[in-house]
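Colleague: Protein chains in written order, with our numbering: chain V, 1 to 322; chain A, 1 to 129.
No lab work stands behind these hints, which were simulated from the structure alone.
Where hints are given, some of them may not hold.
One side of the interface only, derived from the structure: several residues of chain A facing chain V at Cβ under 10 angstroms [to be verified]:
(1) G25
(2) P28
(3) A41
(4) L45
(5) W96
(6) I121
Glycine included, each C-beta is placed from N, C-alpha and C at the ideal position.
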Amino acid sequence: MPIPYQEHTIYRSIKDLGPHVASRYPYESKFANVNGWRMHYIDEGPRQAPPVLLLHGNPTWGWLWRDTIPPLLAAGYRVIVPDQIGFGLSEHPHTPSAHSLDNHAANLVALIDQLELSGIFFVCHDWGGPTGLSALLTRHERASAVAVMSTWAWREPASDFHRAVMPWLTLHAPLTGPHIMGRQGAFPGRSMYLSVVDRKHMLEDALSAYMSVTPDVGDRRLTWQWPRSIPVNPDTDIAADRFEWLEAGVRDLNIPSTIIWGREEQVFTADVFTPVWHEIWPHAEGTHMVTGNHFLQEDSGAEIGDLLVDFARRNVRITKEA
Amino acid sequence: MPVTRITKRPSDTRSVPVLSDPDVGHYPEFAAFLVETFELAEKPLESPGLLDVDGQVYELIFIGRSGRPFPAAIEIAALVPGLEPMNTDQTDKDLWAIMEWLIEGVGEPWSLEALRTTADIYRVRPPAA
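Please build the complete structure, drawing on both the sequences and the hints.
Modeller: Take a look at the structure:
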């Protein structure tokens, strides 16, 4: 169902971000109405090919996957990359309740339904994990395989980082979070610069594309609001029940899975997080370690693409509906 | 920069929103500090709280939300004379002073050192702060 304005409005698209972005993310901008919000996505490759759904987190957008996409397309897969509502070229709602974990997961379910995807290979990074895996569990009959990187799907924060007052809880706190991350633009700005291995490359070749889609304070709301869904206090958590459901669901999930992680990851450290994934999914491949901090796609995007292709060739099946 | 609670709203000013947080309930000690400082338990929806930051006054507007403890949300606005433009550089410095006042007031485990170090990591502390 189209949004009434959609037929009469020119929305900003990839080509509007200039040749620096468009030449390296040379795909057609598409828009879908998901739960009343305008979602930007790309959909490349043969329509009948197995779909690979690349899901980003905070504070990124589809651009994060730009080096991962070409190996998948070259191998013949259909590649779909949505910008989560609140980021990228999707609508950036200012209504706080738009940004619940449930609503973001449901937005992905809506996209999957509208595109009538089946046999999906879910690839989840950061908040693309809790949202994408929730969508996967909701449409499990349409899932073919899953890859996770720098993400989690359980209630308790497993990292000292998420329990430390400096910097995490200070970024998470009332007023200081919106001030530092939102008004002052620490996310995606310096936070992304600090969370890659090759910072010179990040500064010169990539960072402006992240910052250009969150230019104003209101555009950056999700950067500080999304982290508030991380359970840290049993008395006040707003998404603890969803995470409990999510963990139970992924533990019951028995589809081909692979784990990819950055060697230099500082937030979701490999030594803490990957053993949990292997405990949850004993059948999972990996962990494939690549050069990379939290935004490992910036340092090893093409290598990640090759790993996904190798895994998909052995594990991704075409369902009857595809 | 000293931050002082005042009770008299300056006349002939307009309210310019500079920072809002739609949900302050996840660390209840923040709301508790503001409830105590501005006596919100007795008169939750009377005049906004007022803070003087080196001569510039800011108002704190406390917002309720069904199903949440009061205040559920907070807006901070600068009270700017008449139709004069707001000095945004000065506002950033003042807001930083309010952040420090807030953290100091809430107390442990929150600390000025953690706030300042976090801001320095992300290079968002105003130069003169």
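Colleague: Which numbered hints does this structure break?
Modeller: Violated hints (numbers, rising): 3 and 4; every other hint is consistent with the structure.
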